[in-house]
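Colleague: For reference, the chains in residue letters:
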Amino acid sequence: MTAADLWSFAPEFWLTALAVLMLVVDLFSGTGRKLAVAVLGIVGTLLVLIPISTMVAWSPRVIFYNAVAVDGFAIFFKILVAVATALVILASIDYFRAGNRFEGEFYALLVFMAVGLNLMAASADLILLALAIEFVSLMSYVLAGYLKTNEKSNEAGLKYFLFGAAASAVMLFGFSIFYGLTGSTNLYDIAPKLAQVSPAALWLAVGMMLAGFGFKISMVPFHQWTPDVYEGAPTPVAAYLSVASKAAGFAALIRVLIVVVNPQQLNWVLLVAILAAVSMTLGNLLALPQRNLKRMLAYSSISHAGFILIGVAAYHGNFGTPGLLIYLFGYTFTQLGAFFVATLLGQQLGSDDIPAFAGVAARAPIPALLMAVFMLSLTGIPPTAVFFGKYYLLSAAIDNGLLWLAVVAIVNTVISLYYYAGVIRAMYIMPAPSTAPLEEPPALQVALGVAGLGTIIVGVYPQPLIDLARSAVLLLKL
Amino acid sequence: MLSLIVFLPLAGGILILFLNKASEPLMKRVALVASSASLLVSLYALTSFRIGSGAMQLQEVYRWIPSIGVNYHLGTDGLSLPLVILTGILSVVSLIYSWRIDLRLKEYLFLFLLLQTGMVGVFLSLDFFLFYIFWEITLVPMYFLIGIWGGPRREYAAIKFFLYTLVGSLAMLLAILIMYFNATPHTFSMLELIRQQPLSGQPVLAALAFWGFFLSFAIKVPMWPFHTWLPDAHVEAPTAASVILAGVLLKLGTYGFVRVSLPMLPETFKQYAFFVAILALLGIVYGALVAMAQTDLKKLVAYSSVNHMGYVMLGVAAAAGAVGDPALAGAAATALNGAVFEMLAHGVITGALFLIVGVLYDYRAHTRGVDEFGGLWSALPQYGAVTIMAMLASLGLPGLMGFVAEFLIFLGSFGVFPYLTAVAVTGVVFTAGMFLWTIQRIFLGPLNPRWAALPDMDLRERFALVPLAALMVMFGIYPKPLIDMINAAMTGIVTALR
Chain R
1 MTAADLWSFA
11 PEFWLTALAV
21 LMLVVDLFSG
31 TGRKLAVAVL
41 GIVGTLLVLI
51 PISTMVAWSP
61 RVIFYNAVAV
71 DGFAIFFKIL
81 VAVATALVIL
91 ASIDYFRAGN
101 RFEGEFYALL
111 VFMAVGLNLM
121 AASADLILLA
131 LAIEFVSLMS
141 YVLAGYLKTN
151 EKSNEAGLKY
161 FLFGAAASAV
171 MLFGFSIFYG
181 LTGSTNLYDI
191 APKLAQVSPA
201 ALWLAVGMML
211 AGFGFKISMV
221 PFHQWTPDVY
231 EGAPTPVAAY
241 LSVASKAAGF
251 AALIRVLIVV
261 VNPQQLNWVL
271 LVAILAAVSM
281 TLGNLLALPQ
291 RNLKRMLAYS
301 SISHAGFILI
311 GVAAYHGNFG
321 TPGLLIYLFG
331 YTFTQLGAFF
341 VATLLGQQLG
351 SDDIPAFAGV
361 AARAPIPALL
371 MAVFMLSLTG
381 IPPTAVFFGK
391 YYLLSAAIDN
401 GLLWLAVVAI
411 VNTVISLYYY
421 AGVIRAMYIM
431 PAPSTAPLEE
441 PPALQVALGV
451 AGLGTIIVGV
461 YPQPLIDLAR
471 SAVLLLKL
Chain A
1 MLSLIVFLPL
11 AGGILILFLN
21 KASEPLMKRV
31 ALVASSASLL
41 VSLYALTSFR
51 IGSGAMQLQE
61 VYRWIPSIGV
71 NYHLGTDGLS
81 LPLVILTGIL
91 SVVSLIYSWR
101 IDLRLKEYLF
111 LFLLLQTGMV
121 GVFLSLDFFL
131 FYIFWEITLV
141 PMYFLIGIWG
151 GPRREYAAIK
161 FFLYTLVGSL
171 AMLLAILIMY
181 FNATPHTFSM
191 LELIRQQPLS
201 GQPVLAALAF
211 WGFFLSFAIK
221 VPMWPFHTWL
231 PDAHVEAPTA
241 ASVILAGVLL
251 KLGTYGFVRV
261 SLPMLPETFK
271 QYAFFVAILA
281 LLGIVYGALV
291 AMAQTDLKKL
301 VAYSSVNHMG
311 YVMLGVAAAA
321 GAVGDPALAG
331 AAATALNGAV
341 FEMLAHGVIT
351 GALFLIVGVL
361 YDYRAHTRGV
371 DEFGGLWSAL
381 PQYGAVTIMA
391 MLASLGLPGL
401 MGFVAEFLIF
411 LGSFGVFPYL
421 TAVAVTGVVF
431 TAGMFLWTIQ
441 RIFLGPLNPR
451 WAALPDMDLR
461 ERFALVPLAA
471 LMVMFGIYPK
481 PLIDMINAAM
491 TGIVTALR
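As they're listed, the protein sequences go chains R and A. Note that the numbering used here has the first sequence beginning at 1, numbered continuously upward. Note that the numbering used here has the second sequence beginning at 1, numbered continuously upward.
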């Protein structure tokens, strides 16, 4: 092991040390005065971008006995996770303003989870991947059930745990089949050995593995937990799950599928394309009747998972995988922003029901305007971040000859407009029950501003992001 | 210079967002200045525009997203420049008309200016990516304008408008991507795609792309049977938004047919030209008949738009039908000239008609029932004069703008689709009937005493309507400068088709 190997693991070391430090600081600050912990968390997770940025130009390598890949792909997700974590901590400060004894640990758990997410995207070994996924899952269960006195939060934690445990078990079984077939757990060793394997066994292994990844990215038919967990979990946690956890799930899915399984041997492209179409459609149709904003966002996130899966199915060529990365990055800002507005409105109005947002445009003009931007972005109206992601993935579908999938995608985009516009309609068109301006806490305002800027900038000037995503993809296969 | 035309309104709109909510007069002035500045720059662009040339002029090209070949590319020719000027005129006129808006003024002005930027952007973009972005940008403000300031069923009308047009836009996006991936090198440049004709050897893909564009443009025009969103949107929209909707947004559809479908997929368009012409004919007859049956004045004008846009589409379809036949090139150019002239004429005339409806409904009678009036001319002489002039222009009275357009369309189409055109000409009778009957019911006969005390037009309304009336007469009597400009561009397109 060389010094360079250790340095390439610096982001993970850094985040672990940071989380421990946060726990220590938490010990010495009283209830309701955890701002120091939060600020430490935000600054710390942003500082991790410094060691990450030194690695952007590196040639890809594997470290720790070929278990961890240090390539553009992993680095892309490290950046995404760092940004998302910092934003979520920022938005959580106001969420806990009422005072929660365990506020400090909450921030530390988020940072611990970030470590796990980084590892998920970087694992080049099935065992490390399984450990990373388990680690992330444990953090998620705790965070989802964080509001001990709240029934719905408890339900969310438990439900997430039960579903997650089952999905993990199935996935591990799939991993064990891979090991049985090839005698290796390293992705880059497995790949060449799979050529002689019988397709039936391979189908079984891939199918079981998809259960685990599908659970993380809330793909149909492994999506059932999503609405209950998003509704019950603290809103910042739901935001984090819908963005960072989903992104890391996609990272693992892509790395395993594209590196390990040759589509000529086993036609997973068609399988993924069908799963994409089903997820999009079902998520959308179920989102239509929702009244609760968080449940609506949960179903819509299922549909977005389906859309992003287009990038996996259409991985061939210059558009699929970069498109997926671009989509995930843009989606991070937009989805976080939408959840931040949900946090704000949920706290100020005491309800997450969309009709309760009537007339918010007059009472909180800037959050309402940003929410309108986020909703339009999620629909895919330019010039916004998710539009550009959608554009890229539609290109990929057409480039790969999956025109039918592109048509399904645009039909779903039209359907989704209806429920996203429902939020805008409530805020802008429905009359306000009162005209008192809503209080807008400063930290949340900053988080919202960043999410809004990110949404617009990625939409208007995506060139740097494209460059980053393209270099990330070039290195994926080592 | 073109960038200024596009972004001056948006700059004004953003400035307004930062103004104090209490300073309403200032906000209105900023909006008017920004909007008219854009109009003035577009008029100034005429001075450096070579009218006889069919080429793209005043082009601005900057690299924008080089990795996928997207450029920021603006340019104009005899097709787009008049439409840009029309957009500027109608926007300024609508803002003047909106002077008395007091509900959520800041948002109103911002959305209006954003809409102007979007519309002008569509006309000036020569890069498909940019074109698509501006195309979509026009949807959002119109949704809000109808949804917030509209009539009683505004929410339904607004979301119906948004959903309908989004279906079309996304179909267009797919068509654009099909073009993009079949061009070598991949490009979004509209001029390059016209030159390359990437789909000329692939009939299936070409048909898919054609129908993708067709769906998008036909919904926007709207052609029969995609018109059902239009009456709802128009009836519920506030007056100024109706003016923009009828005056400019519908033209985006016909503009798309002339700018995109015809030059990029000429063979495919020729193949389906007869079918498109039939739809246009149905629009003409259906629009006129349904308009005649309306008792709501605004709905009547809305359906008359379906009728008039049918004429435009007849001209475009005729030009497409003439593709590849050198003997018909002259007829094709004439039909296209007529179609483009009709776009402008319809913009001016119907814009005026919606203002006229607004004058009566918004601040005076608060009803639009055609049968509830009678003898109004004696009570409101100025208003009556302007209205009757606009309606006569709309039915195609010689000497006014609408006649020139319809004459050219029929002249050109007759060479290509003689029988269809013969039937379409009878549509003029319906159009005339519907407007004359309307004039009779509202302005003639004994004065309904309920309306005896109505005041005539005030200064704001005169400022809004008189320029439009002047344009109708001016280009009705002396259309040559405008025709010259359009003709250069249309001849260019027709020549490139052979």
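Derived by calculation from the structure, the hints in this document are not laboratory data. Hints may contain errors.
Said to hold, decoys possible - Per the computed footprint, the stretches of chain A lying under chain R, defined by three or more beta-carbons under 8 Å from a beta-carbon of chain R, are: (1) 157-167; (2) 174-187; (3) 275-282; (4) 331-338.
Said to hold, decoys possible - Going by beta-carbon spacing under 8 Å, a handful of chain A positions derived as facing chain R: (5) 132; (6) 148; (7) 152; (8) 170; (9) 437.
Virtual Cβ for every residue (Gly too), placed ideally from N, Cα, C.
Colleague: All hints, please: hold or fail.
Modeller: Verification of the hints:
no.: 1; hint: 157-167; in the structure: holds (count 6)
no.: 2; hint: 174-187; in the structure: holds (count 5)
no.: 3; hint: 275-282; in the structure: violated (count 0)
no.: 4; hint: 331-338; in the structure: violated (count 0)
no.: 5; hint: 132; in the structure: 7 Å, holds
no.: 6; hint: 148; in the structure: 6 Å, holds
no.: 7; hint: 152; in the structure: 13 Å, violated
no.: 8; hint: 170; in the structure: 4 Å, holds
no.: 9; hint: 437; in the structure: 37 Å, violated
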